[in-house]
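In case you want the letters, here they are:
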Amino acid sequence: MLLDVRDLHVEFRTRDGVARAVNGVSFGVDAGETLAVLGESGSGKSVTAQAVMGILDTPPGRVTGGEVLFQGRDLLKLKEEERRRVRGAGMAMVFQDALSSLNPVLTVGDQLGEMFTVHRGMSRKDARAKAVELMDQVRIPAARERVRQYPHQFSGGMRQRVMIAMAIALEPALIIADEPTTALDVTVQAQVMDLLAELRREYRMGLVLITHDLGVVADVADRIAVMYAGRVVESAPVDDIYKAPAHPYTRGLLDSVPRLDLKGRELHAIRGLPPSLTDVPRGCAFHPRCPMARDVCRTDVPAPHEVSATRAAACHFWKECLNG
Amino acid sequence: MPEQPFPPEGAIAGAGPGGAMDLTASEAGTLERHPRDPGADGSPAPPPGPDAPDPAGGRPRSLWSDAWRDLRRNPVFVVSSLIILFLVLISLWPSAIAPGNPLACDLAKAQQGSGPGHPFGYDGQGCDVYTRTVYGARTSVAVGVLATLGVAVLGSVLGALAGFFGGPWDAVLSRVTDIFFAIPVVLGGLVLLSVVTSTSVWPVIGFIVLLGWPQISRIARGAVITAQQHDYVQAARALGASSPRVLLRHIAPNAVAPVIVVSTIALGTYIALEATLSYLGVGLKPPSVSWGIDISAASPYVRNAPHALLWPSGALAVTVLAFIMLGDAVRDALDPKLR
Amino acid sequence: MGRYVLRRLVQMVPVFAGATLLIFLMVNVMGDPVAGLCGDRQCDPATAARLRAEFGLDRPVWQQYLTYMGNVFTGDFGTAFNGQKVTELMATAFPVTLRLTIVAVLIEVVVGVTLGVVTGLRRGRPVDTGVLLLTLVVISVPTFVTGLLLQLLLGVEWGWIRPSVSSAAPFGELLLPGLVLASVSLAYVTRLTRTSIAENRRSDYVRTAVAKGLPRRRVVTRHLLRNSLIPVVTFIGADIGFLMGGAIVTERIFNIHGVGFQLYQGILRQNTQTVVGFVTVLVLVFLLCNLVVDLLYAVLDPRIRYA
Chain U
1 MLLDVRDLHV EFRTRDGVAR AVNGVSFGVD AGETLAVLGE SGSGKSVTAQ
51 AVMGILDTPP GRVTGGEVLF QGRDLLKLKE EERRRVRGAG MAMVFQDALS
101 SLNPVLTVGD QLGEMFTVHR GMSRKDARAK AVELMDQVRI PAARERVRQY
151 PHQFSGGMRQ RVMIAMAIAL EPALIIADEP TTALDVTVQA QVMDLLAELR
201 REYRMGLVLI THDLGVVADV ADRIAVMYAG RVVESAPVDD IYKAPAHPYT
251 RGLLDSVPRL DLKGRELHAI RGLPPSLTDV PRGCAFHPRC PMARDVCRTD
301 VPAPHEVSAT RAAACHFWKE CLNG
Chain Y
1 MPEQPFPPEG AIAGAGPGGA MDLTASEAGT LERHPRDPGA DGSPAPPPGP
51 DAPDPAGGRP RSLWSDAWRD LRRNPVFVVS SLIILFLVLI SLWPSAIAPG
101 NPLACDLAKA QQGSGPGHPF GYDGQGCDVY TRTVYGARTS VAVGVLATLG
151 VAVLGSVLGA LAGFFGGPWD AVLSRVTDIF FAIPVVLGGL VLLSVVTSTS
201 VWPVIGFIVL LGWPQISRIA RGAVITAQQH DYVQAARALG ASSPRVLLRH
251 IAPNAVAPVI VVSTIALGTY IALEATLSYL GVGLKPPSVS WGIDISAASP
301 YVRNAPHALL WPSGALAVTV LAFIMLGDAV RDALDPKLR
Chain B
1 MGRYVLRRLV QMVPVFAGAT LLIFLMVNVM GDPVAGLCGD RQCDPATAAR
51 LRAEFGLDRP VWQQYLTYMG NVFTGDFGTA FNGQKVTELM ATAFPVTLRL
101 TIVAVLIEVV VGVTLGVVTG LRRGRPVDTG VLLLTLVVIS VPTFVTGLLL
151 QLLLGVEWGW IRPSVSSAAP FGELLLPGLV LASVSLAYVT RLTRTSIAEN
201 RRSDYVRTAV AKGLPRRRVV TRHLLRNSLI PVVTFIGADI GFLMGGAIVT
251 ERIFNIHGVG FQLYQGILRQ NTQTVVGFVT VLVLVFLLCN LVVDLLYAVL
301 DPRIRYA
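Protein chains in written order, with the UniProt record's numbering: chain U, 1 to 324; chain Y, 1 to 339; chain B, 1 to 307.
Keep in mind that the hints were calculated from the coordinates and are not lab data.
Nothing here was measured: the structure is a model prediction, and the numbers come from that model.
Built from N, CA and C at the ideal position, the CB exists for glycine as well.
Treat the hints with care, as some may be off.
[Claimed, not checked] Just a sample of chain U residues kept apart from chain B, beta carbon distances all over 10 Å, derived:
#1 L2
#2 D4
#3 H9
#4 G32
#5 K77
#6 I140
#7 A143
#8 A173
#9 E198
#10 L214
#11 D239
#12 R311
[Stated by the list, open to error] Ranges of calculated distance between the beta carbons of each label pair, as one might list FRET restraints:
#13 Y:G314 / U:R13: 39 to 49 Å
#14 B:L133 / U:D295: 52 to 62 Å
#15 U:A197 / Y:A238: 41 to 51 Å
#16 Y:V318 / B:T129: 15 to 25 Å
#17 Y:L239 / B:P60: 52 to 62 Å
#18 B:G155 / Y:G115: 23 to 33 Å
#19 B:R303 / U:D136: 22 to 32 Å
#20 Y:G115 / U:R13: 50 to 60 Å
#21 B:L106 / U:E198: 51 to 61 Å
One chain only, chain U, in its complex shape (with noise of 0.2 Å):
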């Protein structure tokens, strides 16, 4: 396995107290494969996603507990220094808002070509050459020229290409992208995942997809991993959730989703409000909003079921929902 996080605890010491952001996630992700991360804001995947990049901001947050194996490395064990090497040339990162995190006072091909002089420890021109060789890789037009542009000088979309360029620039084993189209056009979001699922395709990278949205994750995502309140509540391969989710927040999302084949029927939509992390509930953290909630979710953490091989649900009453 490429990636495997075992029982990560992730918390933030905050001015209200501590927030359990990650409360032992536990996933894998093979060579070749996409696993999408789903969940809602304050779900604690983006935590989840900066903690095995290493790049979590200590203080406030801190790494309590579990193990990062990276090619078999316990990322978590190593020193800094050879984390560092890691980050960038082993696994790679691509940020939802390419605006803010492009540094903006220096050019597109300074960005690209630091990756390059830095791990690999070439000349300032080798290392634009490589830049502008990314840029036409990931369909930027007009590249010579663009290299020397500053990151507000692109549009959104050819932004999120810059950042995917980053990415790949030293072919990481392993891509986690955080959101990567949120902050797009729906026009230009599909451009932008297509070319991300391409380039994985191309280099038989591990891909870890952060997002909210379902629509993306069925297109592309080999596997899902639902978090709720810093919990993978459900993990499976994608058609078997898109068929019969086994968790009744899994539920909640699916039928969340507007479908053409049932227009004209009331939408559905989960009750209530995602938890504060300061302030889990007792018992499944899921049981105040949960349609099938009864007295056992209210005292008992329930441990992620077996539901097949390939597949796990963290509920009482998984049976019964798998079954609708």
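Once you have looked at the hints, place chains Y and B on chain U.
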């Protein structure tokens, strides 16, 4: 395009006695409370509040009460407040701790060190340094407080009107403040005050108000312009509220906080400015008792009687420090963004 | 860019005229320029009238101002009452103050930015709190007190330096005066850098730089510092103008014969031409510094384009 890419308070800062520059990095209009957004979705979502309070009344109230809660726990605030309280008390009743007469001097005792009943020794004229240092607080506090009041009132009225009405008013005021900022403060003081023969504090106060108001007017103008863009102000306007009502009820509460912060810090710098001008011989003049005068008088014979220079200098430094620290603490409490 | 500069230059005209007029009025209306001529005694009325006519002081003030400004633009700043040309005074005074300003700015940049970066990266730690308190103290103690105390300690008590500066005022002798002149601005540069660094440290592009696997040093110098110094550079640029005008106190303490010294003498002796001439140049320097700062802003931040 930035009209003023650096904070204007640098004007006073660079000119000598210090200004309120750091503060304006956040300048006006930063006082709405944004829930902190650490950029990760792991941050605890703020609990959904009860029904939104009346925006005009509820918003400042929560800001002030939050600020007050922070302030009480801030040691910087507590210490500086105690110092300022002490200064105000000895300004009102100096004889309570200094029974002597600051003008009673005996040349025979000139430059003598400390002795019983005269802990700070004597200055070059044979005056008791302790008594003069205590009485000096009165001048400094009076100049600081009165000048700040004058500057705050004049500056915020002019700034608020310019920000509120905009157009030619605003353009004229902006140019006028530019002109005032172009004149170094100490230099202006030298020119204006060198011809004044009065020994009272009023010319100095008048001068500080004259050159200080543009600083506050800029802050007030900025705060008013920011406040005007809030949706509830637009809504109040759309509902037909009159201009004075919008200005007083909806905009003023938002603009008051930055003015208070800048004024508090400025108070300290005005005290320093008075001492600087007095040191240069154009501020207060004897027989007024001022730390600046005493420091100036003590500097020629500093080798023989350093105490005559050190005590008033120390008092001056502590006083200015107390006001600047107070302003700093208030700023931190009122501006959540800087945390 | 060219049009922007032109527009800014045009905008400067009313500010320049206003500021110089203000000083002109202050000097002429508040004081009696003739009074300074006869020394400590009162001038007898006949002499006074003759002097007034000679210097054109009997005409209305606005006419005097216009005549004066007309002369200034032909390079004639008039004559001090002792017969020396004001331009000659400037030629000796401005280089001295310029050297003093250069020393002060260098100290600001080197010490201020370093302290700001160190504290900004360690916000809330003991170093940070310590430096922050120190800057508050420096800001609070008026320059003339700092100057007198340092002069007393380093010059008189310990004898490290000469307590006053010779008339040639070489760079070496200006180190301590430069530090005194810079002290308050130094504290501001430290605080400004600190705030800026601390703010940008959490920014998305710094996070990206870390995620790219750049060494910490490179993240700080190339990505964090470059962005954080934009407000600092603009502050320092604007400060140059103020430092030159604010040197009155420092130059008096260390007996430096620069611009501040000449101004102080000119004001005490009611030497109208000297005062107005020096202030005119200072205002001009200040306004030009501000213009340069604005243009520098665009160089430092490519997002800003002047149209």
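Status of each hint after checking the structure:
1. L2: Label holds. Min Cβ-Cβ 18 Å, cutoff 10 Å.
2. D4: The claim holds: D4 (chain U) sits with its nearest Cβ about 20 Å from chain B, beyond 10 Å.
3. H9: holds, 21 Å
4. G32: holds, 22 Å
5. K77: holds, 18 Å
6. I140: holds, 18 Å
7. A143: About 19 Å separates A143 (chain U) from the closest Cβ of chain B, which puts it past 10 Å; holds.
8. A173: holds, 14 Å
9. E198: holds, 22 Å
10. L214: Its Cβ never comes within 10 Å of chain B, the nearest being 26 Å, so this holds.
11. D239: Check passes; 32 Å lies beyond 10 Å.
12. R311: holds, 32 Å
13. Y:G314 / U:R13: 39 to 49 Å: holds, 41 Å
14. B:L133 / U:D295: 52 to 62 Å: Holds, at about 57 Å.
15. U:A197 / Y:A238: 41 to 51 Å: holds, 49 Å
16. Y:V318 / B:T129: 15 to 25 Å: holds, 19 Å
17. Y:L239 / B:P60: 52 to 62 Å: Holds, since L239 (chain Y) and P60 (chain B) (Cβ atoms, about 54 Å apart) stay within the stated range.
18. B:G155 / Y:G115: 23 to 33 Å: holds, 29 Å
19. B:R303 / U:D136: 22 to 32 Å: holds, 26 Å
20. Y:G115 / U:R13: 50 to 60 Å: holds, 57 Å
21. B:L106 / U:E198: 51 to 61 Å: With a Cβ separation near 54 Å, L106 (chain B) and E198 (chain U) satisfy 51 to 61 Å, so the hint holds.
When the structure is compared with the earlier hints, no violation turns up for any of them.
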